[in-house]
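From just these sequences and the hints, can you work out the full model?
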Amino acid sequence: MRPKEPAARRDEILAGLAAAVDAMDEEGAVRWAKEAIAAGLDAYEAITQGLAKGMQVVSNKYDTGVYFVPEILLCADAMYAAIDVLRPHLRVQGRGSRVPVIIGVIEGDIHDIGKNIVRLMLDAAGFPVHDLGNDVAVSAFVDKAREVGEGIVAVSTLMSTTMPGMGRLVEALKAAGLRDAFKVMIGGGPLSATFAEKIGADAYGANAMEAVRLATEWEKVTT
Amino acid sequence: MTDRMSPKERVGAFLTGKPVDRLPCVPLILNHAARVLGVPVKAFATDGLLMGRANVTAFRRYRQDLITIFTDTAIVAEAMGTVLHFPEDDAARVKTPVVAEPADLGKVREIDGRRSGRLPVYLEAIRHCVREAGDEVFVSCCYPAPFTTAALVRGTAMLARDLIRNPALAHALLEKCRVASEAVAEAVAEAGGIPVLVDPVASGSVISRAAYAEFVLPYTKSVLARIAALGHVPMLHVCGRTSTIIDLMADTGAAALSIDQIDLAEAKEKVGGRVCLMGNVRPTETLLGGTPETVMAEARQCLALAADSPRGFILASGCEVPIATPPENILALMDAARMN
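Line by line, the protein sequences give chains A and B.
Under this note's numbering, think of the first position of the first sequence as 1, with each following residue one higher.
Under this note's numbering, think of the first position of the second sequence as 1, with each following residue one higher.
Rather than coming from a laboratory, the hints here were simulated on the basis of the structure.
A portion of the hints provided could be inaccurate.
[Claimed, not checked] Derived Cβ-Cβ restraints for the label pairs, each shown as a range: (1) B:K95 to A:K61: 30 to 38 angstroms; (2) A:V66 to B:P102: 21 to 29 angstroms; (3) B:G273 to A:A176: 56 to 64 angstroms; (4) A:P164 to B:G192: 37 to 45 angstroms.
Idealized CB from N, CA, C, for every residue including glycine.
Given below as structure tokens:
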């Protein structure tokens, strides 16, 4: 058999990675990731043009009621298994070095489905993500921000009762002298762009894709 | 606006199709009862007498049509071996699920409905409420249906994966949870309470219709049949979105469905001819964050949509009344039923 043209081979591998994520196929994702390395594809491109494309399909399927939490978890497992193969091959310089994102669900709230999907999409887009989990104290966000130095803080809640914690977080970043070093995005059911403005956050992200778009946009401005 | 019937007379008449002075109204007062008595949730969740006193005190203040004993969704999982964390003033949460690995299935404890875990706390609370207020109001005990218990025995994310990757393990676990759930129903009924199933994890926000049909419906159906056999009206509460599963929820054999995020007109159209509907004033936005006026307005909208539902309607909160809800908002909800 004649070897495939490099461009056709590249497209085939990227499509394979995306399809494996969408199909919850962990072994397939690992196999395609190994083929990507063997074929000399850029690991970063394999993640952002392959795995992330698959997660976009998954995220859309969740939003439209085709996939539910079990499916999302297995798609994510497939994605992370492939990332584990690709990570050692990521070049530290250049396109692979994106601004860090600190993400968490604000204190008092344990609903983390939405946060986890945003986290997945940020991972897939190549952002280094510090996931603080759910029910995260304002002080824990600030401590992590101090440690990371600069970047993006993404905070979510599904409950209106815990929304005030987000305002306190923005204030606490100010008080710690860190507000100018971080962009703050908020997300979750009861929130809105108006609320983001009211508490002094930089933006409201309506869904995971929007969160990635914002992070990418901010990165262009800051670097 | 005074009532002519006691909550017990009203609910008794309502459930048997006899005339009532007004529609029943059941704000789901669960951990909020601790706030009414002025005790931290942790103390309330671990002391049956305190839990009973809190619920009687809350009933004296609000005169709601059903006492609903409950503190956390993990009470049965805990009895089966899951370890919980108890925040000082909030509901307990899972710390370590007992079946962290599939091989741990054997570690699941068979429960004694009267003795295991904190079940005696609930039973003592029920007995106290029945003793103090049982001539005026029915006392129910809300506890998790098999699917929610399985999620907290296995870890929710692990059970979710099992549904696709290891359905045999999921079914084995659910069967153990069904047995436990029926044991709890028997103990609750023996203590004088009405067993009510709550199934927050089986929400349409979390699992698909197909998963509900395979992993939720048969087990819930069995427990509700047991509750009916014990002489009680089988009731089921599911939180979150239920639009995709509401007909399956009616297939469980529940006589009343307590529902949260769904249009009551849609629920009435789909299952109103088969079951009594109960809902669905928004807990956080309206009860916690609103005013007596906004509560009244939303309650009236619920009544406008569903008061004429063929198998009846109970005005209620969509889910648990948040702990810090202003009492005047709960009283406004009760008034909305009286003014209808």
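Evaluation of the provided hints:
1. B:K95 to A:K61: 30 to 38 angstroms: Once the Cβ atoms are compared, 33 angstroms apart, the range 30 to 38 angstroms for K61 (chain A) and K95 (chain B) holds.
2. A:V66 to B:P102: 21 to 29 angstroms: 28 angstroms, holds
3. B:G273 to A:A176: 56 to 64 angstroms: 59 angstroms, holds
4. A:P164 to B:G192: 37 to 45 angstroms: The hint (37 to 45 angstroms, Cβ to Cβ) holds, given that P164 (chain A) and G192 (chain B) are roughly 41 angstroms apart.
Taken one by one, the earlier hints all hold for this structure without exception.
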